[in-house]
Amino acid sequence: MSNRLLAVERVSLAFGGVQVIRDVSFDILEGEIRAIIGPNGAGKTSMLNLISGLYHPQRGAIVLKGIRYDRLRPRVAATNGVARTFQNIALFKGMTTLDNIMSGRILKMHANFLCQLVHYGPARAEEIRHRQFVEKIIDFLEIQHIRKVVVGRLPYGLQKRVELGRALAAEPDLLLLDEPMAGMNLEEKEDMSRFILDLNAQFGTTIALIEHDMRVVMDLSSRIVVLDHGEKIADGTPEQVRANQAVIDSYLGVAR
Amino acid sequence: MPGQSEGPAEDTFPKLLRRNARIFAERTAMREKDLGIWQTWTWTDVLERVCALAAGFAELGVARGDRVAIIGDNRPRLYWSICAVQMLGAIPVPVYQEAVAPEMAFVLRHAEATVAVVENQEQVDKVLEILGAGAGIRHIVYDDARGLKDCRERGVVSLDSIENAGRAVLQRDDGRALWLEREIDRGGGGDISVILYTSGTTDRPKGVVLTNSGTIWAAHAAKLFDRLTEDEEVLAYLPMAWIGDHMFSYAQWLVIGYCVNCPESRDTVVENRREIGPTYVFAPPRVYENLLTLTMVRMQDASWLKRTMFAYFLGVARRCGEAILDGRPVALVDRLRYRLGSILVYGPLKGRYGLSRIRVGYTAGEAIGPEIFSFYRSLGLNLKQLYGQTEAAVYITNQPDGEIFPDTVGRPLPGIEVRIDETGEVHYRSPGIFREYFNNSEATAASKTTDGWVRSGDAGLIDQHGHLKIIDRFKDVGRLANGSLFPPKYIENKLKFFPNIKEAVAFGDGRDYVACFINIDLIAVGSWAERNGVVYGSYQELAADPRVYDMIKDHVAQVNRELAAEPRVAACQIRRFLVLPKELDADDGEVTRTSKVRRAFVCERYAPLIEALYDSGCRHRQIRIGVTFEDGRKGLLEGEVQIAEMPEGLAEGALREAAE
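Protein chains in written order, with our numbering: chain A, 4 to 259; chain B, 405 to 1064.
No lab work stands behind these hints, which were simulated from the structure alone. Values in this document were obtained by computation on a predicted structure and should not be read as measured data. Keep in mind that the hints are not guaranteed to be accurate.
Stated by the list, open to error - Just some of the chain A residues that point at chain B, by a computed CB distance under 8 Å:
#, residue
1, S28
2, R71
3, Q135
4, E138
5, I141
6, D142
7, E145
8, Q147
9, H148
10, R150
11, D201
12, A204
All residues carry an ideal CB built from backbone N, CA and C; glycine is no exception.
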């Protein structure tokens, strides 16, 4: 049985009087593709924010690599190999693709500030090493042609790919993708699916993703958590989830 | 053998590689941009790699006479695989990598290929799909392992493992190395060097069988003609299955010993061309057309100052650029103006596209619009036309330096004979011509005469300078109902000069007047739409916009004026036209993989539209046609197509004018 990379333990989150997540538990195993789905407002993005340390739960805890955190800080999450992308792209629009992805290496740069400033000695050697790694990502994502293009000028689908590239630059153990296919056309979706599968197969990266396109979710993921109104209503393989009555009801709507 | 006796002593490509490793040794033979850096291989490196690959292929069971398919973009190891296969006396068959599975299946089956060397997972999947359909492929060898790590299909192996196995064998066993040397020696000039499938504008592709001696002869003849040296830099970016690429990136690479550069990916060609600055260039007209369209579109978005400067100096270049290039006398004032223009406009423009270092540039594959051709020449680019065919190992006629006429394709190279038969068809004969069509004696007999001439299938004539002039595909030239000549491509090329028009198909054979289909260029018209506030949701919508129709109408009127000025084709003025709701696409079989319109197929597919063009009462017509999307899925396109009529009065008036 694979190791537990991360576990969410009986977590609850509220903003003022609004209960966003209510007593949810699930785990993510090493090497799997885990999907989190649910109707709008189900608490999916909040859940990703909890895992990446942006939010802290009022009750419950996040267990990352065997260590239990009541208040997981973003930096701790990042240094422990959690990287993510955002639903509404959060890139540096005025910088090139290359620089954006390089910025993902920030936690791995150790040369002191002065050296970096004059680009000398260890800082220089280090930058070359990082650039080599970034070039591998560029090759992997097939974005050589936009290497030196300012990100703000790129079409949406490519920006999404660059954002994935930046997350990969951190060499994550756990990659969180918030709606990686939103707003993409069919071809872009297929490309993105292929990248996610290749990532998982070639580098063994564990992936947790939120996605609305059911076909994509069913095809990609090994296990699925379904949230509705902040509660977990199902958890299992795509087949199990597809057959689950509670899921069908929440998606199609029933008279209560 | 007539012509050059001083050709290379080596009579096969593997022997040439061995020679190059000896005489050029540490010179750069090939580059490829990988992970953002140009990697280089010397001739010594290449020989070592090719030998390892050859030994590896031998371990896999590749033997003399076997056919090995090569499928992929221009990757160094695919070129090396061609040579490795030739070392063993087997026959490489490069296949268009973009071909959809059934198309590829036909070629693989017809060539009876037993091994396929492919670039990546996409091609592996395609070949696996075909295997189910019963092609005799035993092994699929892939270059790029991405996405194939877990592939457990039988017979799928990596090129890495082949190369490593081959290298290990050669190092372990001296006898094996000696055996490989002898295999190379066993090859001779008369052996088949490659089979290239022509894309076929008419029917099924035919496999053109070329020999070592023929291909080497042609490569060498062109080397002498343009005084090419081992210092040339060439960018390999055209399909490997095209004779043009096979000649420029493979045959001449080995015969002349220059450096071939492989771009990082298909999308980075323009950028990589700029980095390399090739000196010897070969491209079909559409490459030059695209660059021109791109330039014009960008200039329209430029600042007022730049636009004015661009327009002024382009005028100067048009007036005297070509004369300066050809060394004809030009007034001093114009010379100075041109010099200034070189600094301010032409130089930067050429630099932008990596054309600054070009010594010799060729366009071939199709007729290039004279205006496009003159545009590049006026900037000081030594762009020339050549007329070639796969069956001739490219070369039939080339334009010699200083004798450039936009409407001719030059003189036969030394050693090549050209004649026009009584029906007007161009025939040629040379040591470079093909041996036969593979497994197709019927086609061979139809195309080759008993005394060694090849029928080109093109209608042409030889002008007063001794230059060949190609009018059209022999079978495409028709007559209007009133008996006047109708050369469709001549008219289409005039239309295609407008950046807004990507493709045109003219009709008129046996009809009362000429009518045509227009394909708009999405880049150019899209940019125009943006600037003029024309809102559209799809290609189809944009194509149907009345303002787009008005714009195209202006272009057609301009072409009509030009046609009216030429007595021979004055009757061919376009009376009615329509803008097609979809782009003509190779996936739908409407154009070939080298982007030539397959006229007969288009006629059949759009028959209702043609009928509408000739039904004078008809103003619009509903159509439904199947389309193939990029991912291979099928769909249906439905819509109404407007028919535009050219103002009757003008056409009539111009006609009368021309007749008088």
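Here is what the structure says about each hint:
1. S28: Result: violated, 32 Å to nearest chain B Cβ.
2. R71: Nearest chain B Cβ about 35 Å off; hint violated.
3. Q135: Holds. Min distance 7 Å.
4. E138: 4 Å, holds
5. I141: Nearest chain B Cβ about 7 Å off; hint holds.
6. D142: It holds, given that the least Cβ distance between A:D142 and chain B is near 6 Å, below 8 Å.
7. E145: Hint holds; A:E145 Cβ to chain B Cβ min 7 Å, cut 8 Å.
8. Q147: 5 Å, holds
9. H148: With a closest approach of 4 Å, the A:H148 hint holds.
10. R150: 7 Å, holds
11. D201: 5 Å, holds
12. A204: 6 Å, holds
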